[in-house]
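2 protein chains.
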Amino acid sequence: MNASPDLRSGWVRTLRLMPPSLEDNTADADRLVSALKTELNTDSVSMDLDLLKRMPGLLRKSGFEIRCTLFRENGQWQVVSVDGPSSAKPPAGVAVDLGTSRVVVRLLDLTSGQTLSETAFDNPQIAVGPDVLARIHTADTSKGGEHLQKLIIDGLNINIERLCVECGLAPGDVHLMTVAGNTAMSHLFLGLEPRWIIREPYIPVVNRPGLVPAAKLGLDLNPSTRVKVFPNVGSYFGGDLIAGILFSGLNRSPDTAILVDVGTNAEVVLGNENWLVACAGAAGPALEGGVTDMGMMAGPGVIDTVAIDPESGDLVFHAIDEKAPVGICGSGLIDLAAQLFLAGMVDIRGKLVPDRCSERFRLIDELSAFELVPKEKSGSGEALTVGQADLDSLIRSKAAMFTILETITETVGITPDDLGAFHVAGTFGSFIKPQSAITVGMLPDLRLDRYHALGNSSLGGATLALTDPDCIEEIDRIRDRITYLELNVNQVFMNRFSAAKFLPHTDRGRFPSVPLPQK
Amino acid sequence: MNASPDLRSGWVRTLRLMPPSLEDNTADADRLVSALKTELNTDSVSMDLDLLKRMPGLLRKSGFEIRCTLFRENGQWQVVSVDGPSSAKPPAGVAVDLGTSRVVVRLLDLTSGQTLSETAFDNPQIAVGPDVLARIHTADTSKGGEHLQKLIIDGLNINIERLCVECGLAPGDVHLMTVAGNTAMSHLFLGLEPRWIIREPYIPVVNRPGLVPAAKLGLDLNPSTRVKVFPNVGSYFGGDLIAGILFSGLNRSPDTAILVDVGTNAEVVLGNENWLVACAGAAGPALEGGVTDMGMMAGPGVIDTVAIDPESGDLVFHAIDEKAPVGICGSGLIDLAAQLFLAGMVDIRGKLVPDRCSERFRLIDELSAFELVPKEKSGSGEALTVGQADLDSLIRSKAAMFTILETITETVGITPDDLGAFHVAGTFGSFIKPQSAITVGMLPDLRLDRYHALGNSSLGGATLALTDPDCIEEIDRIRDRITYLELNVNQVFMNRFSAAKFLPHTDRGRFPSVPLPQK
Numbered sequence: 094m095n096a097s098p099d100l101r102s103g104w105v106r107t108l109r110l111m112p113p114s115l116e117d118n119t120a121d122a123d124r125l126v127s128a129l130k131t132e133l134n135t136d137s138v139s140m141d142l143d144l145l146k147r148m149p150g151l152l153r154k155s156g157f158e159i160r161c162t163l164f165r166e167n168g169q170w171q172v173v174s175v176d177g178p179s180s181a182k183p184p185a186g187v188a189v190d191l192g193t194s195r196v197v198v199r200l201l202d203l204t205s206g207q208t209l210s211e212t213a214f215d216n217p218q219i220a221v222g223p224d225v226l227a228r229i230h231t232a233d234t235s236k237g238g239e240h241l242q243k244l245i246i247d248g249l250n251i252n253i254e255r256l257c258v259e260c261g262l263a264p265g266d267v268h269l270m271t272v273a274g275n276t277a278m279s280h281l282f283l284g285l286e287p288r289w290i291i292r293e294p295y296i297p298v299v300n301r302p303g304l305v306p307a308a309k310l311g312l313d314l315n316p317s318t319r320v321k322v323f324p325n326v327g328s329y330f331g332g333d334l335i336a337g338i339l340f341s342g343l344n345r346s347p348d349t350a351i352l353v354d355v356g357t358n359a360e361v362v363l364g365n366e367n368w369l370v371a372c373a374g375a376a377g378p379a380l381e382g383g384v385t386d387m388g389m390m391a392g393p394g395v396i397d398t399v400a401i402d403p404e405s406g407d408l409v410f411h412a413i414d415e416k417a418p419v420g421i422c423g424s425g426l427i428d429l430a431a432q433l434f435l436a437g438m439v440d441i442r443g444k445l446v447p448d449r450c451s452e453r454f455r456l457i458d459e460l461s462a463f464e465l466v467p468k469e470k471s472g473s474g475e476a477l478t479v480g481q482a483d484l485d486s487l488i489r490s491k492a493a494m495f496t497i498l499e500t501i502t503e504t505v506g507i508t509p510d511d512l513g514a515f516h517v518a519g520t521f522g523s524f525i526k527p528q529s530a531i532t533v534g535m536l537p538d539l540r541l542d543r544y545h546a547l548g549n550s551s552l553g554g555a556t557l558a559l560t561d562p563d564c565i566e567e568i569d570r571i572r573d574r575i576t577y578l579e580l581n582v583n584q585v586f587m588n589r590f591s592a593a594k595f596l597p598h599t600d601r602g603r604f605p606s607v608p609l610p611q612k
Numbered sequence: 094m095n096a097s098p099d100l101r102s103g104w105v106r107t108l109r110l111m112p113p114s115l116e117d118n119t120a121d122a123d124r125l126v127s128a129l130k131t132e133l134n135t136d137s138v139s140m141d142l143d144l145l146k147r148m149p150g151l152l153r154k155s156g157f158e159i160r161c162t163l164f165r166e167n168g169q170w171q172v173v174s175v176d177g178p179s180s181a182k183p184p185a186g187v188a189v190d191l192g193t194s195r196v197v198v199r200l201l202d203l204t205s206g207q208t209l210s211e212t213a214f215d216n217p218q219i220a221v222g223p224d225v226l227a228r229i230h231t232a233d234t235s236k237g238g239e240h241l242q243k244l245i246i247d248g249l250n251i252n253i254e255r256l257c258v259e260c261g262l263a264p265g266d267v268h269l270m271t272v273a274g275n276t277a278m279s280h281l282f283l284g285l286e287p288r289w290i291i292r293e294p295y296i297p298v299v300n301r302p303g304l305v306p307a308a309k310l311g312l313d314l315n316p317s318t319r320v321k322v323f324p325n326v327g328s329y330f331g332g333d334l335i336a337g338i339l340f341s342g343l344n345r346s347p348d349t350a351i352l353v354d355v356g357t358n359a360e361v362v363l364g365n366e367n368w369l370v371a372c373a374g375a376a377g378p379a380l381e382g383g384v385t386d387m388g389m390m391a392g393p394g395v396i397d398t399v400a401i402d403p404e405s406g407d408l409v410f411h412a413i414d415e416k417a418p419v420g421i422c423g424s425g426l427i428d429l430a431a432q433l434f435l436a437g438m439v440d441i442r443g444k445l446v447p448d449r450c451s452e453r454f455r456l457i458d459e460l461s462a463f464e465l466v467p468k469e470k471s472g473s474g475e476a477l478t479v480g481q482a483d484l485d486s487l488i489r490s491k492a493a494m495f496t497i498l499e500t501i502t503e504t505v506g507i508t509p510d511d512l513g514a515f516h517v518a519g520t521f522g523s524f525i526k527p528q529s530a531i532t533v534g535m536l537p538d539l540r541l542d543r544y545h546a547l548g549n550s551s552l553g554g555a556t557l558a559l560t561d562p563d564c565i566e567e568i569d570r571i572r573d574r575i576t577y578l579e580l581n582v583n584q585v586f587m588n589r590f591s592a593a594k595f596l597p598h599t600d601r602g603r604f605p606s607v608p609l610p611q612k
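These protein sequence lines map, in sequence, to chains A and B. Numbered according to the numbering used here, the first sequence spans residues 94 to 612. Numbered according to the numbering used here, the second sequence spans residues 94 to 612.
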């Protein structure tokens, strides 16, 4: 028995077994298991009855040379599929970022670890409830949970099949699946009652779901396919963040670094190879909805970059896909706020200054507004304006984010300057320009090269678990090492929050790189 | 968390968990798993998705005090059921002796280990083929294997349901099941291809089937019920024998002892706490059918005891249930042969001596026969006779058995006198009288108190695995320690066989306790 050395590091192993003889009459399955135990240096390898049934034919047809796809949980290896070594189709894996709003599915070749294709779709549960809370309440009704589970499973089945067909594969060729989602989404996906997640003392059904047979979830994949749902730390710290930490490498970093993920929620993880501390933006009622209510999602015609010449006041912008502008996304709004501030068009409280904004200043229903795009240049046929309320909301958001960062760093006794790297994850993180976020005082004034946009870190982590078996134990280690910091919204916190509600901050000395605004 | 000490030794544990709080927000399932890890002193406890789904309701309804049924394989504990501590119905288990001809099912209360009820039925696969070979050939045909599996599963479902109803339980209350059968029967039960069992080099699909979900086999038990199928050593040494060894205690005995199981086959295991050597009577073609072709199965009206007054030649017998005699079973036939020999009515070759048999001697179709019961006393309306051919067959059987015993003991360098105990298992073993078996030279001339009738040792072993968790690892240890001795039917063996074809043996010195026959 020997293994192809180039495949040693993945979930797929090719083995040549000694054929049975009168001298060695070990059973077919035990022969394979024994070879795998040697190959994998483990004493725990098991397989399903379905695989046992196919074993005699498979081994004899392939001359006892076979390719196995494996998975592991708690040090226990599971044989998930077995075929001949020269099968035309590679064993495939699917990594899923199970977002509350968006679901991203990536199809991989497990032999090479290469991405074959990828797609994204709106979480079909939106039809039932736009947010986690509404869905949990629906799950509480009769058949509500089953319906919610069916919606997401159907959505995954359709999209996985499409990806497979596109790559000349069938869903039956998918042998492994990883799913990273927040605790509520993971529960709804597994068909588990999310009722107690939102009720004090906020208890999930399970923290470590382990490897679940895909068939038990209604997924139309191979009958033996196993699904790894990333573990959660609790109701408010889900598998998506564990995946994000894994992808960021925070847990392996000798220097203390930080990971900020702004999705439906804003979560912050601080740590290094020795410790990890986390907190989530939804932890304090003062912050609810505060961090995330910033503009629309990125898409064609959405403004993601704004620049204002501080001298002339001329404004230029970039709309995605060079389409006529239809709105502004979060990162665009931060750009705008930063530029307005530097041009003196908003004051340090974030209030529009009418005479500095001049002809772009509007009063809509007696509320101040800034005209970003006039009617004739807009893709919607209406002028695009940003109201004072939008700016106020942004100020609260950025103040909340900064306060969280200040609180978490202070709690562990460091300052932002001590951070070796600052990872910004999520769609938001891919678009945000650190310079603008610093200018408005949302992110600390670090050297720009310390900022790293991770993109979809949940999907990245889910992908790593499919390509690097060593990550499996790392996931549990990350989970176990996290100290979850309950954000105590006390007077100290509120004082910090108030001080952060200025541009960039009441304490200007914290933002030495931000120029003084135009007078 | 604490455990009821009286239940510590079984598969059922009652635990009181700390209810969750803001300080301890561990998820429901992980809370239980963590308590079980402490209670069981293990780091591997898992449970099915079905149980996870019911966990929040179960824990809250029972005030976080719960009763779990567990099972274990390879050191990995599986939570099989969870309910409130005061549920009216006990978790039940089913032990099965899966015989080629007869299937015995025992229902147990897992909390007390007590047998609740028991039943036996003919293996429904007999309809397809009377013996292992015929069934394996049928399994080779299209849908043949599925049909055979359905026959036995249906038979089990019907009988288990009947047992449950009889005891005020439902099949859904059965949480654990153990099955001890020969390798072919285990394969057909699991729906595994038995094709290669009977083809050189005689390879089973699996040696250690592990814990199989009952639902995957079509068993209508609780959805999470696990079935342990006893492991086999190879195609000709099955789980029924492993169960028998476990039940006999051979594997824990400081003195070397022997276990002989005469069922459809005759198997012999010799050993002690340090080593185990086994061989099976079907191993040599000269012995095929040789050991077992002895009379009918025990039942009402079947003669199981025969005594002949050596002086007067008067014959008395006992028929089961005191019914009018209809035939003779194996142990009755051995009794008869011993008594005929001692009375001088057969010679040392086992041939009927006409003038000694006097009026009981018959010629039927020109062949000698002995009239056991005259027509007028018979329950069948016909005289019951035992032909010379029956006696010849018995002589071959007993010679085969003795030769196997002689060979296996000599192989390990001991004599029968060194045996601390001689266990005789199987229905045959329950009826056989060691004195008669010694007289005909079937069993060695040991002190009678060394002989132990074990009864149904397969069922006994299957029961032990349901009542004593320590047995689970013992089963694998037994399996791994067995050296299977391929009976080499060479000239030495055939010489021994020839020498053993006399009553009691050509070497009379080996049977000092057997009186000289009546002259």
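Read the hints as simulated data drawn from the structure, not as lab findings. Every residue, glycine too, gets a C-beta built ideally from N, C-alpha and C. Check the hints yourself; a few may be wrong.
Said to hold, decoys possible - List time: in silico DSSO-like cross-link candidates among lysine-lysine, alpha-carbon distance up to 30 Å:
(1) B:K309 <-> A:K154
(2) B:K236 <-> A:K309
(3) A:K130 <-> A:K146
(4) A:K182 <-> A:K130
(5) B:K236 <-> A:K146
(6) A:K309 <-> B:K243
(7) A:K470 <-> A:K444
(8) A:K526 <-> A:K612
(9) A:K236 <-> B:K468
(10) B:K526 <-> B:K416
(11) A:K309 <-> B:K154
(12) B:K243 <-> A:K146
(13) B:K309 <-> A:K146
(14) A:K309 <-> B:K470
(15) B:K416 <-> A:K130
(16) A:K468 <-> A:K416
(17) B:K243 <-> B:K154
(18) B:K309 <-> A:K182
(19) A:K182 <-> B:K154
(20) A:K243 <-> B:K236
(21) A:K309 <-> A:K236
(22) A:K468 <-> A:K526
(23) B:K182 <-> A:K236
(24) B:K146 <-> A:K309
(25) B:K130 <-> B:K182
(26) B:K146 <-> A:K243
(27) A:K236 <-> B:K154
(28) A:K243 <-> A:K309
What the hints assert, rightly or not - Listed next, the stretches of chain B that the computed footprint assigns to chain A, with coverage defined by at least 3 CB atoms under 8 Å from CB atoms of chain A:
(29) 118-131
(30) 145-156
(31) 274-285
(message) Check whether the Cα positions of K309 (chain A) and K470 (chain B) lie no farther apart than 30 Å.
(response) Violated, because 65 Å separates the two Cα atoms, which is more than 30 Å.
(message) Run the distance test for K236 (chain A) versus K468 (chain B): straight-line Cα separation, threshold 30 Å.
(response) Not satisfied, since the Cα-Cα distance of roughly 73 Å exceeds 30 Å.
(request) Verify the proposed pairing of K243 (chain B) with K146 (chain A), using a straight-line Cα cut of 30 Å. (result) The hint holds at about 15 Å.
(message) Check the hint pairing K526 (chain A) with K612 (chain A) against an upper bound of 30 Å on the C-alpha distance.
(response) Roughly 24 Å separates the two Cα atoms, so the pair holds.
(request) Compare the distance between the alpha carbons of K182 (chain A) and K154 (chain B) with 30 Å, and conclude whether the hinted pair is satisfied. (result) It is violated: about 50 Å lies between the C-alpha atoms, which goes past 30 Å.
(message) What's the verdict on K468 (chain A) and K526 (chain A), does the C-alpha distance respect the 30 Å limit or exceed it?
(response) 27 Å, holds
(message) K309 (chain B) and K146 (chain A) were given as a pair; does the straight-line alpha-carbon distance stay at or below 30 Å?
(response) 12 Å, holds
(message) Tell me if the straight-line CA distance from K130 (chain B) to K182 (chain B) falls inside 30 Å.
(response) Given pair K130 (chain B), K182 (chain B) holds - Cα atoms ~26 Å apart, limit 30 Å.
(request) Quickly compare the C-alpha distance for K309 (chain A) and K243 (chain B) to 30 Å and report which way the hint goes. (result) 23 Å, holds
(request) Take the C-alpha atoms of K309 (chain B) and K154 (chain A), compute the straight-line distance between them, and say whether it is at most 30 Å. (result) Given pair K309 (chain B), K154 (chain A) holds - Cα atoms ~26 Å apart, limit 30 Å.
(request) Could you grab the alpha-carbon distance between K130 (chain A) and K146 (chain A) and see if it respects the 30 Å cut-off? (result) 21 Å, holds
(request) Verify the coverage statement for the segment 274-285 of chain B against chain A, using a C-beta to C-beta distance below 8 Å and requiring 3 or more qualifying residues. (result) holds (count 3)
The structure is inconsistent with the numbered hints 9, 14, 15, 17, 19 and 20, although it conforms to all the rest.
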